[in-house]
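Next come the chains, spelled out residue by residue.
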Amino acid sequence: MIKVSNLDKSFGDKKILNDINFTLKSGEILSIVGDSGSGKTTLSKIILGLIKPDRGQIIYEGVDLVNLGKKDFKKYRKDIQIISQNPSSFFDPSMKLGRSVIEPLKNFKLKLDDEKLKDLIEEFKLDEKVLARYPHQVSGGEIQRLSIIRALLLEPKILILDEPTSMLDISVQAQILDILKRIQVDKNMSYIFISHDMEVVEIFSDRVLNLKNSKLI
Amino acid sequence: MKEYIIEKVKSIFIVLVGISLLSFLLGVVSPGDPAELSLSKYGYSPTPQEIEARRVEMGLDKPIHIQYINWVKNILKGDFGKSFSTKENVTDMIIRKAPVTFKLAMYSIVITSVFGISLGVIAGINKNKPIDNLIKLITNILFSLPTFWLALLFILIFSEKLGILPTSGDGGFKYMIMPAVSLSLITMSTTAMVMRSSMIQEFGKQYYTFAKAKGISKYDLYIKNVLPNAILPVLTILGNFFGSILGGSAVVETIFALSGIGSYAVESVFSKDFPYLQAYVLLTGLAFVLVTSLVDILIIIINPKIRLKGDIYE
Amino acid sequence: MGDIIFEDFNVNFETRKQNVKSVRDMNLTIKSHKITGIVGESGCGKSVLSLSILGLLPDYAKTSGNIYYDNKDITALANRVREKYLGREFGYISQNPSESLSPIRKIRKQFYESLDLVEKNKAEIEKKSIEILKELGFEKPLEVLDKYPFQLSGGQQQRVLTGIAISSSPRWIFADEPTKGLDENIKKDSLELFKKLRSFGIDSTLVITHDIDFAKNLCDEVMVMYSGQIVEMGIDVLDNPKHPYTKGFIESMPSKGMKIMEGKTLSPTEDIRGCRFANRCGCKTKRCDLESPKLYNYENSQVRCFLYDKGE
Amino acid sequence: MNKILGKLSIIVLIIILLVSIFANIISPYDPNFQDKENRLSGFTQEHKLGTDPLGRDMLSRVIYGGRSSILIGVLATLVSMTIGSGMGIISGYFGGRLDKFITSITNIFQALPQMAFTIAIAGVLGPGIKNLILALVISSWAGFSRIVRAEVLKVKEEPYIEAMVYLGSSDLSIILFHIIPNIMPNIIILLTTRIGRSLLSIAALSFLGLGVQPPNPDWSVMINDARLYYRSYPYLIVVPGFSIFITILSINTLGDYLRDIFDIRSEEII
Numbered sequence: 001m002i003k004v005s006n007l008d009k010s011f012g013d014k015k016i017l018n019d020i021n022f023t024l025k026s027g028e029i030l031s032i033v034g035d036s037g038s039g040k041t042t043l044s045k046i047i048l049g050l051i052k053p054d055r056g057q058i059i060y061e062g063v064d065l066v067n068l069g070k071k072d073f074k075k076y077r078k079d080i081q082i083i084s085q086n087p088s089s090f091f092d093p094s095m096k097l098g099r100s101v102i103e104p105l106k107n108f109k110l111k112l113d114d115e116k117l118k119d120l121i122e123e124f125k126l127d128e129k130v131l132a133r134y135p136h137q138v139s140g141g142e143i144q145r146l147s148i149i150r151a152l153l154l155e156p157k158i159l160i161l162d163e164p165t166s167m168l169d170i171s172v173q174a175q176i177l178d179i180l181k182r183i184q185v186d187k188n189m190s191y192i193f194i195s196h197d198m199e200v201v202e203i204f205s206d207r208v209l210n211l212k213n214s215k216l217i
Numbered sequence: 001m002k003e004y005i006i007e008k009v010k011s012i013f014i015v016l017v018g019i020s021l022l023s024f025l026l027g028v029v030s031p032g033d034p035a036e037l038s039l040s041k042y043g044y045s046p047t048p049q050e051i052e053a054r055r056v057e058m059g060l061d062k063p064i065h066i067q068y069i070n071w072v073k074n075i076l077k078g079d080f081g082k083s084f085s086t087k088e089n090v091t092d093m094i095i096r097k098a099p100v101t102f103k104l105a106m107y108s109i110v111i112t113s114v115f116g117i118s119l120g121v122i123a124g125i126n127k128n129k130p131i132d133n134l135i136k137l138i139t140n141i142l143f144s145l146p147t148f149w150l151a152l153l154f155i156l157i158f159s160e161k162l163g164i165l166p167t168s169g170d171g172g173f174k175y176m177i178m179p180a181v182s183l184s185l186i187t188m189s190t191t192a193m194v195m196r197s198s199m200i201q202e203f204g205k206q207y208y209t210f211a212k213a214k215g216i217s218k219y220d221l222y223i224k225n226v227l228p229n230a231i232l233p234v235l236t237i238l239g240n241f242f243g244s245i246l247g248g249s250a251v252v253e254t255i256f257a258l259s260g261i262g263s264y265a266v267e268s269v270f271s272k273d274f275p276y277l278q279a280y281v282l283l284t285g286l287a288f289v290l291v292t293s294l295v296d297i298l299i300i301i302i303n304p305k306i307r308l309k310g311d312i313y314e
Numbered sequence: 001m002g003d004i005i006f007e008d009f010n011v012n013f014e015t016r017k018q019n020v021k022s023v024r025d026m027n028l029t030i031k032s033h034k035i036t037g038i039v040g041e042s043g044c045g046k047s048v049l050s051l052s053i054l055g056l057l058p059d060y061a062k063t064s065g066n067i068y069y070d071n072k073d074i075t076a077l078a079n080r081v082r083e084k085y086l087g088r089e090f091g092y093i094s095q096n097p098s099e100s101l102s103p104i105r106k107i108r109k110q111f112y113e114s115l116d117l118v119e120k121n122k123a124e125i126e127k128k129s130i131e132i133l134k135e136l137g138f139e140k141p142l143e144v145l146d147k148y149p150f151q152l153s154g155g156q157q158q159r160v161l162t163g164i165a166i167s168s169s170p171r172w173i174f175a176d177e178p179t180k181g182l183d184e185n186i187k188k189d190s191l192e193l194f195k196k197l198r199s200f201g202i203d204s205t206l207v208i209t210h211d212i213d214f215a216k217n218l219c220d221e222v223m224v225m226y227s228g229q230i231v232e233m234g235i236d237v238l239d240n241p242k243h244p245y246t247k248g249f250i251e252s253m254p255s256k257g258m259k260i261m262e263g264k265t266l267s268p269t270e271d272i273r274g275c276r277f278a279n280r281c282g283c284k285t286k287r288c289d290l291e292s293p294k295l296y297n298y299e300n301s302q303v304r305c306f307l308y309d310k311g312e
Numbered sequence: 001m002n003k004i005l006g007k008l009s010i011i012v013l014i015i016i017l018l019v020s021i022f023a024n025i026i027s028p029y030d031p032n033f034q035d036k037e038n039r040l041s042g043f044t045q046e047h048k049l050g051t052d053p054l055g056r057d058m059l060s061r062v063i064y065g066g067r068s069s070i071l072i073g074v075l076a077t078l079v080s081m082t083i084g085s086g087m088g089i090i091s092g093y094f095g096g097r098l099d100k101f102i103t104s105i106t107n108i109f110q111a112l113p114q115m116a117f118t119i120a121i122a123g124v125l126g127p128g129i130k131n132l133i134l135a136l137v138i139s140s141w142a143g144f145s146r147i148v149r150a151e152v153l154k155v156k157e158e159p160y161i162e163a164m165v166y167l168g169s170s171d172l173s174i175i176l177f178h179i180i181p182n183i184m185p186n187i188i189i190l191l192t193t194r195i196g197r198s199l200l201s202i203a204a205l206s207f208l209g210l211g212v213q214p215p216n217p218d219w220s221v222m223i224n225d226a227r228l229y230y231r232s233y234p235y236l237i238v239v240p241g242f243s244i245f246i247t248i249l250s251i252n253t254l255g256d257y258l259r260d261i262f263d264i265r266s267e268e269i270i
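Note that the protein sequences, when read in sequence, are chains A, B, C and D.
Residue 1 is where the first sequence starts when you use our numbering, and the numbers rise one by one after that.
Residue 1 is where the second sequence starts when you use our numbering, and the numbers rise one by one after that.
Residue 1 is where the third sequence starts when you use our numbering, and the numbers rise one by one after that.
Residue 1 is where the fourth sequence starts when you use our numbering, and the numbers rise one by one after that.
Treat the hints as calculated values from the structure; they're not laboratory data.
Be careful, since some hints might not be right.
[Said to hold, decoys possible] Lysine-lysine pairs mimicking DSSO-like chemistry, simulated, CA-CA at most 30 Å apart:
1. A:Lys15 x C:Lys310
2. A:Lys15 x D:Lys154
3. C:Lys62 x B:Lys129
4. C:Lys310 x C:Lys294
5. A:Lys96 x D:Lys100
6. B:Lys8 x A:Lys15
7. D:Lys100 x A:Lys70
8. A:Lys212 x C:Lys310
9. C:Lys84 x B:Lys205
[Unchecked claim] Footprint (simulated), chain A over chain D, 3 or more residues, beta carbon under 8 Å:
10. 148-162
11. 166-179
Ideal Cβ placement from N, Cα and C applies to all residues, glycine included.
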């Protein structure tokens, strides 16, 4: 699916990522583990094209995403989405959740399929009422479900899961990971699962890469 | 730290160049011919030849950027030119008048900080209690009073009715009470409001709960733990208020007939004494920049996070 | 003596729009000379419960009922009197160590301030604080005292907080979510730290946590809290859970296979007649919707579930 | 408490506005009509609030007295806000060199004490409503820019703005749909407070003879006109001064009320 090679990134004197190489295969869940400060979030931002690496390549569908300009990148943007650890801060507090969830569709000139949204809401065991609420009015589990729905509406091929449950309660964590797993099987998606919790990683993923001292081992 | 200082010095330099440009431009857009204005006296109109000669003498025949450079060069030598109306050196006038304004500003900033901070602290500690509501009411009222009106009312009450304070002129401490108080009430009440809300903001933080749970005295809790944190935003604002006070002094000096740089600035507008007006704008700006920069330094000294960046316990 | 006894205790947070009932009809004894853990997920009311013992709830919290300590109803005391319990009787270790110290004061001042309650001699204070810090594993205590909080790591900050809390020798220590946000390896240190408290002469501790492993390894007695109520308490609750919620909660841990417990907690604004867990419960009967269960004795636990009602 | 005061202030402001708009209908006299027989009359049946040194009816002049200042104050603040917010948003959102440039310019305009700067500009430009507005705008736009920039920076740091990038939003739509709605409460409060403050500046300038010009019936001009007489006839300054005070007090109270509604700390915006 995606091949990352020789990735380096420093901020100031601090080397955050040092020669990162890995390949994500189609339909697999690849875990990347590491302590806080090992550059996990930086890595996901680079794959998303939010920051440029100092060196290295990210090959997706035969194209090196690193060297793409803003306009060219847009074509691939929708294919790679992310679910983050603090979902409530990933929704505009002044906007109702229902609007936030469908807003990205128009950015990619996609039509809203009401049936599909309804199905997703049902599948995620959400109450339709949450769409009429604001981010601070719903629980962490609910908003994380919505952020997954928001990403899925774009039909991405790759999901980066950046500690998607580390701010959630254990019972909610189990619920969310279960949903993610089901979707991955149903749609044959590829996940990059970033986590610090080895126990979760062992249950959830097919393959594990350890990011230590800014290197993969 | 070093980078921070270099950045800071750079931005101060840009600001200084900027305000000198603005002051210079004031002279450029001012109505009337400077050469003519500088020659005319009461009952005397200069001849065209005289004006032309003066124009060359003042360098007004040169391109505008050269004029600016010359103007700045003169200022750096301490020469702001000659007053159009009194024909005196502007520098001498400023030196004579500045101490009055300086004294007024100092009194006002002291009143602003002492009363503003204390009232704010008292109100914040007693949030939503009667004393807080009273302080809120008073500050809200003071905050909306036009300075010049208040000054006139003071004169009516304390000079006319009670006869305890002198109305005008420059004498000792007594002469400064009414001007300084009327000049500082708005800034004082704003300081109190900001101090209050800054205290309350700190009460919501975890360190406050922890400090309170330690069982320490109210004094230790509020004054030693909360106040130093809560006062940081207030310091910045006090720096800004120095500017408000410096500018507002023009009004107060006019009413109380204090011969400071502000009251003459108002006069200079009417007498078209633009060299003075330019000097006034530039120098008050300079003083303001100086004070706000000092406040920035003070905040760095108080806040160890910037000062000790990188010094971590292993 | 020294037990903390709740009697019909409630905490409400009333805002313009709603009334959040955080702690509901609490009747509970937290015994002294023990490490007690209150375990629960976010929003269950566990932190509010500990803050209400300390009297540190925010202004807009309304409480009813009583809390007895040493046979005195501490909720009836004047604020001035109640505040005297802080530091001297009740020590508190707050969550988020990185935000729990004043950011612009040196550790020294924040440490001494607390010791000052029990010791007036300056030299003695310094000696004692160095002793405590050494005991807590700092090799250079003097250097630590001269640091600002942001110059320490999360684990170090937590040790400093603990040192401050125990320095005035309170009878009780209350710790709020001590492992929240800490890296795995620091969590282990944290466990050691709390086990050590006894060696400082503090044997009554209440730990509020969502971390089941931490509670299991540390506590003599565990209380599980759900939606404002204690649903189960006893000495082997986490090894041998009885309440359907406790079971589901434990089974959703990754190490236990992450089994899913469906549904979500009832909103704290919602009042119902029956059991507050009934909407998610697999063992639900008719009775669960009609009647609110009490805590029933079963083996060596007390369980708030009709399954364990032997009709006593 | 704040709620009652807030609503009261709205009512007072509406009354002040209505009185100013319909001044020609309400006022008993032409504000510039000089009743030469009745100078400094004190409160009488014909002149409820007395007359001024030229025999003009005080009540009529007070009724007219808010017109020019309020109009100038509101206009000047709106213009400053538009310029300042625009600059602030561009500078805060795009960052980089543009930000450095705009910030430098704002710093320069903020480095001059506002009143001193306004006096100088008003003095150099000469009297007139347009010039007065211009002077106020030049000396106050930078304040808006600085605060709006800071607010934009705060919002921009929020993860949901970054999220909009990989969710495909353009800069323009991020600014329009996510930045502006989130800083709007602050801008509204800022606008309210600043209208109050520019009314104070206008009043001071008019009093100094640099703002609204006589014989225009204006509260501050009335106070200035009375400077030789007010010691013997305090009512000459009390009534117009009180009108300024009530207007500004209502605006500030409204600002407080809005702050409460939007739940915003006061030191963020002054």
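> Tell me, which hint numbers fail for this structure?
Replying inline: Structure breaks hints 1, 5, 8.
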